[in-house]
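J.: Now for the letters of each chain:
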Amino acid sequence: MHIAEGILSPPVLAGGALVALAGLAQGLRTVKPQTVPRVGVISAALFIAALIHVPIGVASAHLTLTGLAGLLLGWAAFPAIFVALLLQAILFQFGGLTTLGVNTIATALPALVVFVLFRRSLHSRGAWGFVGPFLGGALGVALAGVTVAAALFLSDDTAFTEAAVAVLLAHVPIMVIEGVLCAFCVGFLRTVKPELLPAPKQRRELASAS
Amino acid sequence: MQAESSVSLRRPTTAILAVVFASSPALAHRVDVGAYVADGRVLVEACYSDGEAVREAAVEVTDPDGNVLIEGRTSAEGRYQFTLAAIPAHINVVVKTADGHRGAKTLPRESLLGLLGAAQSEADASPMPSAVEPPTSGAATSERDNLAEIKPTLAQLKAALVRHEVALHDLQQQLALLNKPRGGVSTDRVLAGVGLIVGLTGIAAYCLARRSRQS
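Those protein sequences? They're chains A and B, same order as listed. Using our numbering, read the first sequence as starting at 122 and increasing by one per residue. Using our numbering, read the second sequence as starting at -6 and increasing by one per residue.
Check before you lean on any hint, since a few could be wrong.
Said to hold, decoys possible - Derived, one-sided and incomplete: chain A residues facing chain B with beta-carbon distance under 10 Å:
1. A272
2. V286
3. A287
Unchecked claim - According to the in silico footprint, chain B covers these stretches of chain A (three or more CB under 8 Å from chain B):
4. 142 to 154
5. 232 to 246
6. 249 to 259
These are calculated hints, taken from the structure and not from any lab test. Remember, predicted model here, so these are calculated numbers, not experimental data. The C-beta atom is built at its ideal place from N, Cα and C for all residues, glycine as well.
Okay, chain B solo, but in the shape it has when bound (with noise of 0.2 Å):
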C-alpha cells in the first residue's frame, strides 16, 4: 500500500510542476500600495499581486493617532492623490476592497516634506528676486556696469533653473517608478513552499508509520 500511494504521487506532482511553470505571470491576492510625494500631492497607486490595478477601493489616510484625515476611492487605473495642511510625523495609506483585500504604506515626515517645499516655494516665488537684488545694490559703486553684467546672469539664472528643474522631474519620475507597487510573487518562494510541504510530508508520514509499527 505504500508502495503503491509513492507511486501515485508521482503523476500529480508533474501536474503541479507544470502549474508551477506555466503561471509565474499570472498572479493575484495580495494588495501592494505605492505612494509619494511629487508636485506637491501624494500619489497613491494601488495594484494587486498580479499587476492589475485595484478599481474603486476605499483609501483612507490617518496620523499616527490614528485619526483619518482623508478618505477616498481610488480610480479605474487603481490611483488616488490627495495633498496635506499639516504634515505628521507619519502617515498610514490604507486602501481596502469590500471584499476583503488590504494593503497599506506608511510615509515617514522625511518622505512627505516635498509638501511643504511646494506649499513654501509657492510663498517664497514673490520674495526671491528681491533676495537677488541686495547684493547688487550693496555693491553700489558702479551701477551702471552691474546692470549690464545683471542681465545675462538673470538669463543665466533663467536656464540654470530650467536644467535644475528638469533634472527635478526627471528624479520625480524615477521616484514614481520605485514606488510602483510591484506586485508578483517569486519563483523561488514559490519552489520553497512546495518543497516545505513535501518535507512536512515525509515527516509526517515517518512519525505515523513509527507509531503504526510501535503499536
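Looking at chain A on its own, in the form it has when it is part of the complex (with noise of 0.2 Å):
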C-alpha cells in the first residue's frame, strides 16, 4: 500500500511512524539466524510485487503479496515489509519517506492480523490447507485497503466511507487474485519446501518475542 506524500496530515504520519518503529523493533527480535534467509526472500517479492498491475477495476492496482507475507513471516513481516516499502519510495518513487510510516503499518499490520487467524491452516492437508491461505491473501489485501482508509480518513475531511470505498473498489480484483496466489503459493511451498513454511515448533518464536 503507497499512500503518497503531502497526502495526510503530520499527526498521522508521526503515530505511524511510532507504531511502525514498534513493530519493526518486535520484528527483528523474532528473526532467527535460520529464518533471515525466508525474510529476505519474501522482502524481495514485495519489493517487485508492486510492479504486477492488475488492470482490472475502477483504479489502479497492484500485488501486495500482503497475506502470504504474514503467512510466512508472522511478525518478522515488519522488517521485510519496511525495507521493501524504503526500496520502493526511493527507487520507483511508490508512496514517499514521510509515509514510509502508516504504508509499513498499513501493509504488516494485515499481515499479522492473517497469521495469527490464518497460520494454522499452513500445514493442514485438507480442504482447510487451502481455503486458509486463500481467505488469508485476500484478508490481507482487504484489511490493508481499510487501514489506507482509516489513515487517509484520520488527517482529512473525507468521510471514511467515501475512502474506504474508494480504495476497496479499487482492490476487489487484487483480493481475488492474490487469494489464489496465496494459496497456490502455500500449497507448492508445503509440498516441495516445508521447511519454507513456519513450522508449528518455529511458529511460537515467530508469533511473539519469547
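Two chains, two frames, a set of hints: combine them into the complex.
T.: Written out as C-alpha cells, the structure is:
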C-alpha cells in the first residue's frame, strides 16, 4: 500500500512512524539466523509485487502479497515490508519517505492479523489447507485497504466510507488474485519445501518475542 | 539448517527473477503529472506509473503562497485544462485521487509566459497592421510605386506568418510529447532494489550468525 506524500496530516504521519518503529523492533527480535533468508526472499517478492499491475477494476491497483508475507513470516513481516517499501519509495517514488511509517503499518498489521488467524491452515492437508491461505491472501488486501482508508480519514475531511469504498473497490480483483496466489504458493511450499513454512515448532518463535 | 535454508532460497529467487522479466511493462502506483502551455491555456495530463490515465481525480492549482487558484477534475483521459488571469512566480498543479495517490508538477513563471503572449497578441492583433504602415507613409516621395511594391510584400508577410505558425504548432506538439507524464519503472532500478535486499539479508545473516556464535 502506498499513500503518497503530501496527503496525510503530520500527527497521522508521526503516529504511523512510531507504531511502525515499535512493530519493526518487535519483528527484528523474532528473526532467527535460520529465518533470515526467508525474510529476505519475501522482502524481495514484496518489493517486486508492487510492479505487477492488475488492469481490472476502476482504479490502478497492484499485487501486495500482504497475506502471503504474514503467513510465512509472522512478526518478521514488519522488517520485510519496511525494507520493501523503503526501496520502493527511493527507487520508484511509490509512496514516500514521510509516509513510510503509515504505509508499513497499512501492510504489516494486516499481515500479522492474517498470520494469527490462518497460520493453522499452513500445515493442514485438507480443504482448509487451500481455503485458509486463500482467505488469508484476500483478507490481507482488504485489511490493508481499510487501514489506508482509516489513515486518509484521520488526516483529512474525506468521509471514511468514501475513502474505504474507493480503496476497496480498486482492490476487489486483487483480493481474488492474491487469495488464489497465496493458496497456490502455500500449497506449493507445503509439498515441495515444507521447511520454508513456519513449522509448528517455529511458529511460537515467530509469533511472540519469546 | 543453514545449508538447508540457503538451498531453499534458490527456488523462490528463480521465481522472483521470472516475475521481474515477465512484468516489466505492467506497472502501477505513482501518479505522474505533465503540464505545459499551449494555445493560451495550461494543459494538464496525469497518468499512473503504468501509463494508465488518472481518471476523475481532483486537480488543484495553487500559487507560491498556497492560495488555490483553480480547482477541477481530470477527464476520462486524465486531462484537464485551465487559463489564468494573472501569472504568479510559479504555480503548483496537484492531482489527487480518492484512494491516496498524488502527483504534482511545478510550472515556473517562464513556462507560463505563453499565457501572457496569447493574451497580448490578441490585444495587439488590431494595431499590428498600422505598425507596418508607418515606414511606407514615412518613405512618402513616390507613394504609388511603393503601394504597388507593398502588395506582394503583404502576401509574402502572410506566407511567412503561416510558415511560422506551422513551425510553432510543431514545436507545441513536441513540447506536448516532452511534457507527457512518462510513467514506468526502469529495470535497472528493479534489479538494484533486489540486489540491495539480497545484500541487506546477507548483512543481517552475518550479524546474527556472529552473535549466536559468541553467545
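J.: State for each hint whether it applies.
T.: So, going through the hints one by one against the coordinates:
1. A cut of 10 Å between beta carbons decides the hint on A272 of chain A: the least distance to chain B is about 8 Å, and the hint holds.
2. Contact between V286 of chain A and chain B, as hinted, is supported at the beta carbon level, the nearest pair being about 8 Å apart and thus within 10 Å.
3. At a threshold of 10 Å, the smallest CB-CB gap from A287 of chain A to chain B is about 4 Å, leaving the interface hint in force.
4. Note: the stretch 142 to 154 of chain A has 3 residues with beta-carbon separation from chain B under 8 Å; the three-residue rule is met and the coverage holds.
5. Counting residues of the stretch 232 to 246 of chain A whose C-beta lies closer than 8 Å to any C-beta of chain B gives 0; at least three are required, and the coverage claim is violated.
6. Restraint check on the stretch 249 to 259 of chain A versus chain B: 0 residues with Cβ-Cβ distances below 8 Å, three needed, restraint violated.
In terms of the numbered hints stated before, the structure departs from hints 5, 6, listed from lowest to highest.
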